[in-house]
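K.L.:
One letter stands for each residue in the lines below.
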Amino acid sequence: PSSETFFANETELEMAVTGVYNRLWYSTQGAVWFLSFDFASDDGWDRNGSALQALGRGEQNADNGYTNGFWSAFYRAINRVNFITSGSEELKAKMDPEKYNRLVGEARFLRAYFYAYLAELYGDVPLVITTLSLDEAQTPRTPKSEVIDFVLAELNEVKEYLPMNANDKGKVTKGTVLALISRVALWNERWQEAADAAKELMDSGAYQIDPNYSGMFTFSGNQSPEVIMRINYLRGVTTHNTPRDFLSRMSLGHSNKKPPQDFVDTFDCIDGLPIDKSPLYDTQHPFENRDPRMNYTLVVPGSRLVNWIFETHRDSTLTWEFRGDEKVRVPNIEAQHAYASFTGYLFRKHVDVADYPTNVGASEQSLTIFRLGEVLLNYAEAKVEMNEIDASVYEAINSIRTRESVNMPPIAEGKTQDELRNLIRKERRSELGMEGFRYFDIRRWKIAEDVIPGPVRGRVNRYGAGGWLNEPPIIDPMGTPSYDHISNASEMVVIETRAFNPSRDYLWPIPRIELETNKALTQNPGY
Amino acid sequence: LNFVLATSASGQYRSIEEVQVKIEQESITLGQFFKSIERQTPFSFLYDNSLINPSTVVHLQGKAGSVENFLRQVSLQSNLRFRQVNNGIDVKEDPKLPFISVSTQKDGIQVTGVVKDQSGAPIPGVTIIVQGTTQGTVSDVDGNYSLDVPVGGVLVFSFIGYEQQVIEVGNQSEINVTMLENLSALEEVVVVGYGTQKKVNLTGAVSAISSGQIVNQPVGQSSMVLQGVAPGVTVTQRSGQPGKDGGNIRIRGIGTLGDSNPLIMVDGVETNMNNVDPNEIESISVLKDAASAAIYGSRAANGVVLITTKRAKEGVSVSYNMYAGVQVPTRQPEIVGAMDHMLLANEAFTNIGNDPQYSEQFLADYQAGMPSDQYPDTDWQELTMANSAFMQSHNVSINSGSEKAKILGSFNYLDQDGIIPNTSFKRLNLRFNSDLQVTEKLKVSADIFLRKATQTEPSSGTSYVFHWMRRIPANEVGVLSNGRYGEGWNGDHPLARAQDGGLRVEENLDAILNFRANYNFTDWLSAEVMYAPKLWNPHIKSFSNITQTYARDGETPTFFVPQRNSLTEQYTREWYNNFRALINFNKTFNDVHMVGFTGGYQQEDQTNQWISAYREVFPLPDYQQINAGNRLNEQTGGSATHWALQSVFGRATYNFDERYLFEANLRRDASSRFADGNRASLFPSFSAGWRMSEEAFMAGTSNVIDELKFRASWGRLGNQNIGLYPYAAFISLGGTAQDYTFDGVISPGAALNNMANEDIKWETSETIDFGLDANLWGKLDVTFDYYQRRTSDILLTLNIPLTLGLTAPYQNAGEVLNTGYEIMLNYQNRIGEFSYGIMANFSDVKNEIIDLKGIENTGLTVNREGHSIGSFFGYVADGFFQSQEEVDNHATQFGMIAPGDIKYKDLNEDGKINDQDLAIIGSPIPRYTYGLKLNGGYKGFDLSIFFQGVGQADGYLFGQGIMPFYLGGTIQEQHKDRWTPETPNARYPRLAWNQTNNQQNSSFWMSDASYLRLQSVQLGYAFPEPILKKLKVQNLRVYLSGRNLFTVTDFYEGYDPEAPVSDGGWYPQMSTYTMGLNLNF
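Protein chains in written order, with my numbering: chain U, 1 to 527; chain Z, 528 to 1608.
Extracted from the complex, chain U is given alone in its bound form:
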């Protein structure tokens, strides 16, 4: 059909809205888009010599393929929505208006979602909300605050068109809208709005904290009471290769994306104290007595991954394989492979071992993009920033920490605003690790300039050496470790050295080609 005659009936509208959801499948540099950001944060690293790796190092420019990719992918998605909102008006009279509003509401939600990310990454961006002709396309940048105004206004409007349906994890629901409002408002320091939306969702009772933390990131997440929305995949249409990216070589993965030592050390001990303060921390057994979320999020040496004990020290030429109840010694590829042991750690979150072996490279496991846990932390942070610290703040944080499978000690009441702010920031890193938040958090808190520059380190990994740090790193109140004082810090693997230019790197460059085609645009400072 041609663009002139489309939107003749309800089916065509449904298909067009499906076409917008389709854009959630955007993946870049081998990773699903929302997961990819954190590999340029202090939580991760992409080893592929890629444009994403360059971004992490602070070497991005206006031709960076990774950053430019989002601009075109998201505007592509936005235009699919504009095509619906600009073209389907007449259809409204011909079909059930409620259904029309719901369908178009889902599309408008997705447009707001993508605009929120564009504004966060690029700052001021052209706000295009109708289908434009080539001549009309010379659109200047709209101030970020106006873009956010639009996003929040849209979300508040479509909220009313969408049902609160906790069982539907694939479609946009009222829960998703509230979750996004809280996220966008928080990111833009509209604390009241963030807290209100979060509160509305919390009070609705539609979602509950899932006692099983890691279940939210496997196939069983489809039934999780906490999960609000997931990106769905289907073999034969589109799958993702997160298991291939994350898993070890023994388990048929390529371990392309790695967590640095830094991320490992941010997790507290089970007594709720950071590793430099906790008596439970043993430098020779650094992974014992740790916040269980470390193991749910990461694979650390000595832990089981699929059928093997994951070992990465260069001297560990053998490892254990589980065959039924038996444990056998087998050669350890992870230690021998040239690319096996960059940092000595792997990511585990989002990987379901059920994908081993045949679906490692093509998983149809849904990926969680909205869940109640984030909303609770959004609420707590907004309230703390407004200095409205009450029991509901502690309750929000502690309901996460004390869930059955995590069981960390609750935060005791009576903290100052500053203490709580730091606690929440650290909690976000532990709770929401590798869910695509860290990259945005360190930018909006303006701590990227502190946590990014310098060497990206892996474990101690020298032939014949012990394998562990002699002393624990010093952990700052936000959970950022520092290593310079440690006597054998020089034995840590350095995988690269990063830089961060605060006068430039808090915003991405507008694609250079866009400045050539749209003369009304201006570049961000420093590019």
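One or more of the hints may lead you astray.
One-sided excerpt, in silico: chain U residues whose CB lies under 10 Å from chain Z [to be verified]: (1) Arg102; (2) Asp168; (3) Pro357.
Just so you know, these hints were derived from the structure itself, not from any lab.
Positions of the beta carbon are idealized from the N, C-alpha and C atoms, including for glycine.
We have chain U; now place chain Z onto it with these hints.
P.N.:
Okay, now just chain Z, sitting in the frame of chain U:
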């Protein structure tokens, strides 16, 4: 055709002047008149009933007289002309002949013999005339002739394309003659658009290539025979894979940013040149300038290649041509062994401040235990590649022709193996070209062409195989001692995938039917209609099987690739209709005004439809049929396209005395690819020539200058290869770019993805051409052309603001200028029995983008105003850093920099190397292309040597193709010439693990891709007559041939200079060594 009446008279015959007859009637019909004379005399009349109406009435004066007297009266009243031949009187309707002629009567002897060409093949149709008379004959299909020659007579043998032979008969009764090819090509007739022209009368730039230059070349793909043989025609071979080893043909450079392929016509039907077997080709004409190509209008902007296939001659003959031989890679990189790999990797690790990857102890153990499963030393290239691959070609053609019907059946078989497992190309061509002379005026031709080509390769693709065999370090296991596959690289294993990973088989069925009817109204007016449908029916079946690899213990299964076996099968059917009607007018007025006109109408349309099916999980992988797969996740696809083109065209030629030549062409094309209003466009051209050598004032130089012609032309051409319906905006329905899934169920989606531009119109290119053709001393042909081709309104997808969210539409936006010149020299001579020839050609084209509306793309290859298309774009490398001090004082680069790293020029001098410092660093477009062919013949031996080359071109390799330890890969022998403090002038930078500084796009990785190549050598021997008689064959020649024998180049070690811009993972170019046989019965 060549019809000369054999006349032989001797004393026993009386002349028509002597013989008296009586005829009573004053008015008499021709029939009665002939009968009356035949009754009274020994004469009989010979005439063609279809030409002469016997009931025509003639009036006679006088009742008695000589036969001559009566014939003269009849002749005056009609167009009839009479000639006495012995006792026969030949009657012709031809006003140009004398009214009556009588053959002289002399005693003579009968001479017989055979006429052959230099290779010993008989030549039918050679005219043999007794010098100074009209007596003569024509050789038959076996080259035999027989003729009565008067004593002391001299025979003149002549045939188009051969030098005249003059032989005194003396008292010989058998005279066998070897005709020598005409050393001046200017007498040739050349195939041009919708017709032929004498080469001397050409006013456009046309290169003609005859079958002699094509046959016996061991090339699977016909496009390769054009490499180096014609100036201005650049052929680049980017792969040596059987079936994919054809060349990209560029005529006079690259004229557009879109599709730059020339239009290829085989017998008037647009076809892929590689579908034709070289044995089938009679001639190739390359139309280079707008004047010669304009009659093809909208598809001619990139030049036109016209191929004419062989047709039958009179007589019966059978020929068999074959060759067989081996192919070996021209160059391949040398990759280090396991110990070197690990030692160098340790160096790379320590260079970046990390600990070595392999401990001393481990290396010592390795050295002691190597090679074994535990400590492998795998040469992946040797493991995966054979040393050589076999290749053979057979051609049988059967010629059967009479005056009325001629049929040529040609059968070709090509079988080409690859140097990696499961890689081959097989092609079977069948051709029946038939010509029927239905009546004197009506000729009908019907050609049938069938082709079956089977391309087999591993399902993973050959580039996968080459990629991995050059990437995996030697310390990974290839094949374990128990025969299982070692792990390779996370299961990626070139041998396993090539050998056991399943096959991708592409089977192409092609058929072209070509019906033509040609009617000659008179000798100056004819018409032709042609209907030539074409069917293309490819079938692709790709079964990807699982290959399992094992750990070094030989027992533990590790990676397996792919994760599911699967079968994809696709059928396509393409039907192309081609109808055309032509009218031809050719007449000479007053002997000097030659006027020609060709007018035509053509209509073409093509429908393409395809359907595909996919299933995965085949529990029994030996049963590779769709139904044997699991239905879960089965997938189908299918689509169809259609386009049409309607054209009228014409050509007018005028020349005065073959001295002043003029030509004009005009074509109007209407294409379905444009919106209403922009569909049709006109493509005119004008050209003129002046044959100065024909002027009276040049008479004094005629002993040197046989021919001298100046040409000039201007014309405008179009290009419609821009996709099918880019002017319309369509909603995409379904597919991975639109669908989504809710609750595990696929949900069909829809989206508008492309922006349309209703206003697009034809891309046009204007060419001016000045040329010169000369022939000196009758032996040296010289052709020179200078041209300028300006392509404007180039249809390209200019970047549009990405905020529109749509794929950019085509716009008429670009302008490209090509300026170039071409020289061709051809010298042929003979000293006694030694004949030799030298052909040399040289050409250059400068390509420049004039206008791109200011848009500047980035990437490794870019199109930018003021530079050539596809220029390389990167940092300007400035040697290596030699000291830490130098690093510190230089602009900041990428990551951790140390001495030995590549230094880049800070072009904008802002103290940092970033995208502002990128520049155009080179161009892959070949310049100064040349060819040099030497050939010689002595008695039965013939030798030809052909060099070909490119004087200037840049090549670029990246990634593991040339960068040491790229993304954890391995390293080549040449990289040992690396920077260290002791070797500051090394070719390659210091070794560094996983650092990006040295991997940036830069002039460092660009390499000079100019080359001189010994393209082919062929030594042949034709067996002499006595042996042939014993063997009862007409001709037998055997030869040895080598192709692509050696190359002189400064390009990267291990890679062919025609390398594609790539990471080295392509099927390498091949050298071919063959022996062959030509046999005629």
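K.L.:
Could you check the structure against the hints above and give me the numbers of any it violates, in ascending order?
P.N.:
1
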